[in-house]
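A.B. asks: For this one, chain R is given, so just place chains F, X and G on it according to the hints.
Residue numbers (my numbering), protein chains in the order written: chain R, 1 to 278; chain F, 1 to 325; chain X, 1 to 320; chain G, 1 to 304.
Think of the hints as simulated: they come from the structure by calculation, not from any bench. A few of these clues could be false.
In silico lysine-lysine, BS3-like type, Cα no more than 27 Å apart, as pairs [claimed, not checked]:
| # | chain 1 | residue 1 | chain 2 | residue 2 |
| --- | --- | --- | --- | --- |
| 1 | F | 160 | G | 257 |
| 2 | R | 88 | G | 186 |
| 3 | G | 186 | R | 91 |
| 4 | R | 32 | F | 160 |
| 5 | X | 129 | F | 236 |
| 6 | R | 259 | X | 196 |
| 7 | X | 193 | R | 259 |
| 8 | X | 193 | X | 90 |
| 9 | X | 127 | F | 236 |
What follows is the residue order along each chain.
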Amino acid sequence: MSSSSRSPILQVEDLLKTYRTDRSLIKRSSVKLTAVNRISLEIERGEFFGLVGASGSGKTTLGRLILKLEPFDAGSIRFNDLQIHGLKGSKLKAFRRQIQLIPQDPYQSLNPYLSVFDTIAEPLIIHRMGNPGERKVRARDALEAAGLSPADDFFPRYPHQLSGGQRQRAAIARAMVLKPEFVVADEPTSMLDASISFTIFKLLSEIQKQKKVTFLFITHDLAAARFLCNRIAVINQGEIVESGPTLDIIENPQTEYTKSLIQAQPSFSFAQKAAAAT
Amino acid sequence: MSLQKLIIRRSLEILVIFFVILSGLFLLFHLAPGDPVSRMVDPTMTPEDAELLVSQLGLDQPLWLQYVYYVKNFFTGNFGVSFHYGRPVVEVIGERLPNTILLFTSSVILSALAGIFWGKMVAWHKGKPVDTWVTIISLVCHTLFLPWIALLFIWIFAYKIGGFPLNGMISPELWMDPDSGIFLKTLDIMHHMLLPLLTLFIIHVGSYLLIMRSSMLETLSEDYILTARAKGLNEKQIRNRHAGPNASLPVVTSVGLSLAFSINGGALTETVFTWPGIGRELIFAVSNNDYPLALASFLFISIVVLIANLVVDVLYAFLDPRIRY
Amino acid sequence: MTLLQVNNLSIAYQTRTGTALAVDDVSFALDKGKSLGIVGESGCGKTTIGMGLLRLLPDNALIKQGAVLFKGSDILEFSTAALQDLRWKKISMIFQAAMNAWNPVQRVGDQIIEAIRIHDPGISRDKAKLEVEKLYEMVDIPTNRIFDYPHEYSGGMKQRAIIAMALSCRPDLIIADEPSTALDVIVQDQIIKKIKAIQKKFNIAIIFISHDIGVVADVCHDIMVMYKGRIVETGKREEVFVEPVHPYTKSLLSSYLTLDGVLEFQNESAPKSCLTSTDQAPGTCGFLPNCPQAEPSCASEAPQWQAISETHKALCRFCK
Amino acid sequence: MSKETRSQKSYTWQRFLEGWSLFYENLVGRIGLILLLVFGLMAVCSYIPPLIDPMYHPMTGVDPDVFRSTPPSAAHWLGTDNIGRDLLSQLLTGARIAFLVGISAAFMSIVFGTLIGMIAGYAGRLTDSLLMRFADMIMVMPSLLVVLLLSSLFGQLNIWIIVLLIALFRWPGISRVIRAQTLSLKERPFIDTARVAGASNLRIIFRHILPNVLPMALLYMTFRVTSAIIVEAALAFLGFGDPNTVSWGMMLQWVWKTGHMFQAPYWLLPPGICISLITLAFYMIGRAMEEVLDPRLRKEEQKV
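So here's chain R without its partners, still in its complex pose (with noise of 0.2 Å):
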């Protein structure tokens, strides 16, 4: 791994997590599960990194466990240098605003209960960050930059008047309000048509590209993977397989897994022949 002069915003070292299968109260069951098992990656600044895997891999755990959703058992993850194992308080909200999620299946992803406004303009208010008037231009700002413009016929809408490609847009808007340095994008279009993911994925990058936000993209799909990231990292039972810059690793794959996970991608090989012949 090629460690620059800069230091990464993301270092997991060596990383745990076991889960318990049986929670009985009387009985404590020792079957344990592995679900991220001796993690080390870094994430550069300002990279799309992209952690491929398939349902049941670990992958949504990580995020998980680098948005301090949940503990780990062992290893360590730094941002920005700092553990953010045990942190409390002030410490604690100032890395919850630098690091934001943007959730799987947009149809659950939005409070039914809040209007758009209120779901982008929540994470201003929890931060105190500026009067009612700047929140709104902020949120504005946000969801525009977004997609969903004019912002103000949008505003007062509940998630079950949006398309689903609408409710995610509002969920990225809702991620970018902050200005966060460091997001992590859950199979965003998971539950989405290809042509509606697809806009979204060029959403995505562009986000990437103008505000200098590191994404971590997890996902399912190596060719999302291939469309989006620079650099990813294949996993599989927990365990990192392996990771590199994305072409070189769909060119020239290492590990048997990653062989096969490339094979199995459903492909066009008929139509890029046809292609090249006409």
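C.D. replies: Using the frame of chain R, we list chains F, X and G on its own:
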């Protein structure tokens, strides 16, 4: 094998719950205003008898020792002497308990089976007039005020029409007659049981029917019903092989959850029909400040509910393979 | 030989607010042993067609017109008994894995045996069990797992068992509705390969319904692209996916990501319509609001079928 | 589609209007509502008879000309009880007590149940296990019999204590439902995004979870009204009611204990019918609400 494990685990849990109830009652008896000793000892007893009882029950000991005595006495069946009957409480309970179990279990089982059967039929005719009317009738049944409907039944069937006994569980003259065999005696009990059973049945069957109906409707929208239909099963096969068994699982759950509620109703029914059961004994004892009897009746009612709960849980695990793992 | 011929099929759903047309005047034909892919995004009516063929639609669906001719006789006219006889024995289905297609409280093997014996009560249980064993070997599930409960199976295994059940009566046609959706890529690949192999081995016709054009392109000889209840383009897979003519097909292909990047077809960047859709006459092209090559007359005139080759046609007024 | 063009009102209000129209289509719901209005009217009218003549006071008013239970007459539309009190005015007052007991006990049990359910579901782990075991324990207790026992130990209970006890015994069912809902809400991504945005636990519980579980809580409140009225009536019937108020259960106790049940149907029938019908009214409303809140309907709404 794993079913055994489940039974053991649930039994342990139930034992813990029972201990909490046991201890809670002890606390209540000492927290309540007035003297705990006078509550447990009949004021009309001779002083010598009273003293003997006090030492038997450990009421002259410090509080913690009293508790030890209390628990020990429970497990040795020593609950003191009923003020009203002047007999050991354990004897009274022993006579009453089977009657309660007979009425309670038969009413719960009958109404659950009928509810499952009718609910299945009604769901099949969703939207038709029969559905609407059965739903409304079930709602009415479910919300009828039990003591009132019991009084009404006595008034109509036993008084106006006749042919049913007004109260009790047996006809004494029949039981006195040495010629009447076991068959006649059984018939006599059933004759007496009919009205109380009908009362409890009507109160319970409505809610089970409604639960079965909505559970059936939910099940019918499941994907595996579509599979069954695509497989070429006819509607009756779908209903009886796939939808029915799966839809009755929530009814089993709700039987378990409503057991405590059923025993309330059981006690009221026993009281109105003067059915010699433990619930009626509790209400009677409470009304007459016969505390030793009240305490023991309550404990045994709790035991009945807890064991019935265990049975329902085991039945559920037996029916649903996803519970056993 | 034509196995299935669908003529002018229209299916509507009744909702609280009115009726919504889910399938609009759809016609197609399928030969014995061929595979047909229906592609489209969610809500385009592709599943409704699949369910409509076996008359498995929910109560609020209404077949408004059309005919479904299976070996020459119209399924829509069948009596209930004839329909039940047809289901699974002649036409079976492979359901989406995410769907709970297995009854959770019955053993998987029993459910397959049920399918066999319902159509041939003469087969004894033991004989049916032997049959299930053969099927399990075919789909690579260990035979000692036959009498497990569905929750003891993994997602891929459940799906392979569904395939085994679909084959249990040796049908002429299998309708596969999103059979690999919600499975991991590697498992998905195994399922697709299995379906392809079985189709070849038994010469079964397949209707393959999916939103994933990559998967459909992998399995099917013929492709139908659906949009808002209508077929907009149909033809051989090489025609539809290599030289798409309908603007919707083009936009669908241009947003499909592969390991080599985006497919080559898109020359238009972000598809933008030059027209506002406010006054669009009923019956006109549904894709109009998003169509980059629309002309004003598209808002008033219904689209026409254009034949590009003998097998390749598109429902658009302006495609070459 | 039409949903997007509809005017932008708050989600709660919109759901209410949508629910209302569904509710109103429902025959069961309409019957329930009409019944409830009748009982409401009865409760309001209960203040009138004592104003006309003090002998119509439900507890203390005694018709000086009547010495035994009399059938309906011009002076006493529903007749009198055995000491000459007017049955109609007792019946009207009973409606007031039923509403008071039913609604206040149900409200309290909803508050307990919702709070405990949300806390158990959200906190998880040990808190959850302990709270739910506690709830299980209360659920296996026959509430009526426990209250009986208490009232014999602690003496005559006043109506508010009875209300409180009913509430204390009726929350576990609600909290189980609310906990299950909270558990599924907790898995929803919007809770994660709120936490990632730095929202405190209190904020998440009250701003994000509470509005989502409130409809279910209100639904259960209608069912709890029913059970509270029944428990109070049963207590009164057994002679453990508040002796300072007249309730329907008490009227039944009087007709039963004085041995008039075979002679005075005009006395036996009305209170029983009223108890049954008022519980039926609330239950029917609850059923209709349940159909409105049916998860399958909500799924349809989510798909747009």
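A.B. asks: Take the hints in turn and mark each one as holding or not.
C.D. replies: Structure-based check of all given hints:
Among the hinted pairs, residue 160/F with residue 257/G is consistent with the structure: their alpha-carbon atoms are about 19 Å apart, no more than 27 Å. Pair hint residue 88/R plus residue 186/G holds up; C-alpha atoms about 22 Å apart against a cutoff of 27 Å. At most 27 Å may separate the alpha-carbon atoms for a hinted pair to count; residue 186/G and residue 91/R meet this at roughly 25 Å. For the given pair, residue 32/R sits about 70 Å from residue 160/F by alpha-carbon distance, which is inconsistent with the 27 Å threshold.
Between the alpha carbons of residue 129/X and residue 236/F the distance comes to roughly 24 Å, so the proposed pair stays at or under 27 Å and holds. Restraint check for residue 259/R and residue 196/X: the C-alpha separation of about 22 Å stays at or below 27 Å, so the hint holds. Distance hint between residue 193/X and residue 259/R is fulfilled; the C-alpha atoms sit about 17 Å from each other, no more than 27 Å. Note on residue 193/X and residue 90/X: the hinted pairing holds, with a Cα-Cα distance of about 23 Å set against a maximum of 27 Å.
Distance hint between residue 127/X and residue 236/F is fulfilled; the C-alpha atoms sit about 25 Å from each other, no more than 27 Å.
The structure fails to meet hint 4 from the earlier list, while all remaining hints are met.
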